[in-house]
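S.K.: Here the protein sequences come in this chain order: X and B. Residues in the first sequence are numbered from 6 upward in steps of one, following the numbering used here. Residues in the second sequence are numbered from 6 upward in steps of one, following the numbering used here.
Hint data in this document are derived by calculation from the structure and do not stem from the laboratory. Here the structure is a predicted model, which means the values were calculated and not measured. Any given hint could turn out to be false.
Same chains, same names: a pair is fine if it fits in one copy or spans any two.
Said to hold, decoys possible - SDA-like cross-link-like pairs, simulated, lysine to any residue; straight-line CA separation at most 20 Å: (1) Lys-145 / Leu-207; (2) Lys-145 / Gly-262; (3) Lys-203 / Trp-266; (4) Lys-203 / Arg-216; (5) Lys-203 / Asn-173; (6) Lys-145 / Trp-266; (7) Lys-145 / Val-264; (8) Lys-145 / Arg-239; (9) Lys-145 / Arg-50; (10) Lys-145 / Gly-157; (11) Lys-203 / Glu-27; (12) Lys-145 / His-131; (13) Lys-203 / Pro-138; (14) Lys-145 / Ala-219; (15) Lys-145 / Ala-248; (16) Lys-203 / Cys-114; (17) Lys-203 / Asp-105; (18) Lys-203 / Asn-112; (19) Lys-145 / Cys-114.
Protein chains: 2
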Amino acid sequence: MGAIGIFDSGVGGLTVLRSIAERLPGVPMVYLGDTARVPYGAKSRDTVIRYARACAELLLERDISMLVVACNTASAFALDILREELDVPVLGVIEPGARDAVAATRNQCVGVIGTAGTVRSGAYQHIIRQLVPSMHVVAKACPLFVPLAEEGWTEGPVPLAVAGEYLNDFRESGIDTLVLGCTHYPLLRQVIGETMGKDVALVDSADATSRVVAEVVSSMAPSLVSQDADRRLRFLVTDAPEAFAQVGRRFLGHDIGPVEWVDVV
Amino acid sequence: MGAIGIFDSGVGGLTVLRSIAERLPGVPMVYLGDTARVPYGAKSRDTVIRYARACAELLLERDISMLVVACNTASAFALDILREELDVPVLGVIEPGARDAVAATRNQCVGVIGTAGTVRSGAYQHIIRQLVPSMHVVAKACPLFVPLAEEGWTEGPVPLAVAGEYLNDFRESGIDTLVLGCTHYPLLRQVIGETMGKDVALVDSADATSRVVAEVVSSMAPSLVSQDADRRLRFLVTDAPEAFAQVGRRFLGHDIGPVEWVDVV
């Protein structure tokens, strides 16, 4: 049985891989960062679908038994299509995050922040309202959070000023729960939490997704857990392996090890 | 005789197109923004070269008689290769900017800001020292300036805080001239100028490049100036035409008009 395949536009999905690794130590995973085309957040639906298909194909060639779309934008635009087209289970990050938000809110007012694509797609809003039709959902794109996290500016005056600019309206909107609807955002959790105040619960899609992954894995054959610890985690990128290893370290919390370059069209 | 072909990773090169249009009113231009793969700034040399070749090919199919690489990162990595491979004159933005910097400095201390790729390539440093070997050049990557300009946050506390973070060291370095080595940066000119102080001259590659373009055009046949005003400016993108038109408006200073989607590999 193959590994868990995970893809993201770049390093952000490593927060999902990290959370899965914590929940399922020893499970083999192969991660693909589409760094030649990163970011997906401002790109169109059609282009994101095309890129997501290419990433999925590349991972299927590596003998995976499950695919995790660890990118909110790709989950928003391409999840249904990949589920239709692929023979392995396909999990995204939006449904788990939406479920956690519904479970966390007390006043039925939920906020969602993400890329322009994720917010425009309405995917979180749609799933949350499917779960609880009366739910009040407000969503806002925060494009600068991604480059901030990649730059490593996760504390201090700059991220606080950016968070203030994006989230000030949200503070007045009465939400008691905020979904971090982009895999980069957990790195800014402290700043976002400080800006929103203690009374707002933050929902991390990475954490929610890893829980669902663990549930699906437990329903599969136990041989999924690798015997070969050396090949447990493999990292592929479509561009700049060194930069990925360097920035990815911050997302993973430890050294990444060798990163393989793969070609993609 | 064909139009002037201009390409950039996205909207940034519109500052170059705008400057050329001001200098050469009526000259036909076709602009390509590679928005399906934007940004180039953090990508590797090989990948940027591949994308630059694809953009050049696409424009050559549109019957251009000159190619302007209106992207600092692509100029840094791909200019020599495109000049070797193409039959039309190829102009980049780095040499003109470097020349203007050398002309502007009084104390032979020049600063360069740009993307990670542009700074890492050493292209500005190399050309400036070729012109004046004794020149002291300091360079710094400012990755957040691009998303700030695209978000339209060109004044107020956030860009000032970001500029302060990036440029504070520069202020102590004694430079009297700073090259805005990325086509997005002219939009942040006021904030950058405020941060550096009045005694530091800012060099805009867009302006320097349009002067060189005008020189080359004047050496070519006068039929280059279009008779058909309606087809004077054409805009192509590899993704999301509407978003390009919307963000590009800020860069061009007026409405863009119809934007054509083109496929690219």
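S.K.: Give a verdict on every hint.
M.R.: Hint by hint, here is what the structure shows:
1. Only within a single protomer do Lys-145 and Leu-207 lie at most 20 Å apart by alpha-carbon distance; the minimum there is 15 Å, versus 35 Å between protomers.
2. Within a single copy, Lys-145 and Gly-262 get their C-alpha atoms no closer than 36 Å, and across copies no closer than 28 Å, so neither meets the 20 Å cut-off.
3. For the homomeric pair Lys-203 and Trp-266, neither the shortest alpha-carbon distance inside one copy (43 Å) nor that between copies (46 Å) is at most 20 Å.
4. For a Cα distance limit of 20 Å, the shortest separation of Lys-203 from Arg-216 qualifies neither inside one copy, at 25 Å, nor across copies, at 56 Å.
5. Taking the shortest alpha-carbon separations for Lys-203 and Asn-173, only the intra-copy value of 15 Å comes in at or below 20 Å, while the best inter-copy value is 34 Å.
6. Taking CA atoms no more than 20 Å apart as the test, Lys-145 paired with Trp-266 passes in neither setting, with 34 Å inside one copy and 27 Å between copies.
7. In this assembly of identical chains, the alpha carbons of Lys-145 and Val-264 never lie at most 20 Å apart, being 34 Å within a copy and 27 Å across copies at closest.
8. Taking identical chains as interchangeable, the C-alpha atoms of Lys-145 and Arg-239 are never at most 20 Å apart, the minima being 34 Å within one chain and 33 Å between chains.
9. When the C-alpha separation of Lys-145 and Arg-50 is checked against a cutoff of 20 Å, the pair qualifies only within one copy, where the shortest distance is 18 Å, while the shortest distance between copies is 35 Å.
10. Taking the shortest alpha-carbon separations for Lys-145 and Gly-157, only the inter-copy value of 16 Å comes in at or below 20 Å, while the best intra-copy value is 22 Å.
11. For the identical chains of this complex, Lys-203 and Glu-27 are neighbours neither inside a copy (26 Å) nor across copies (53 Å), given an alpha-carbon limit of 20 Å.
12. In this assembly of identical chains, Lys-145 and His-131 lie within 20 Å of each other by CA distance solely inside one copy; the values are 15 Å within and 44 Å between copies.
13. Proximity of Lys-203 to Pro-138 under the C-alpha cut-off of 20 Å is found in neither arrangement, the shortest distances being 27 Å within a copy and 58 Å between copies.
14. When the C-alpha separation of Lys-145 and Ala-219 is checked against a cutoff of 20 Å, the pair qualifies neither within a copy, at 30 Å, nor between copies, at 44 Å.
15. Taking the shortest alpha-carbon separations for Lys-145 and Ala-248, only the inter-copy value of 17 Å comes in at or below 20 Å, while the best intra-copy value is 29 Å.
16. Only within a single protomer do Lys-203 and Cys-114 lie at most 20 Å apart by alpha-carbon distance; the minimum there is 16 Å, versus 49 Å between protomers.
17. When the C-alpha separation of Lys-203 and Asp-105 is checked against a cutoff of 20 Å, the pair qualifies only within one copy, where the shortest distance is 18 Å, while the shortest distance between copies is 52 Å.
18. When the C-alpha separation of Lys-203 and Asn-112 is checked against a cutoff of 20 Å, the pair qualifies only within one copy, where the shortest distance is 15 Å, while the shortest distance between copies is 53 Å.
19. Taking CA atoms no more than 20 Å apart as the test, Lys-145 paired with Cys-114 passes inside one copy only; the shortest distance there is 14 Å, against 44 Å between copies.
Hint compliance for this structure: hints 2, 3, 4, 6, 7, 8, 11, 13, 14 are broken, all remaining hints hold.
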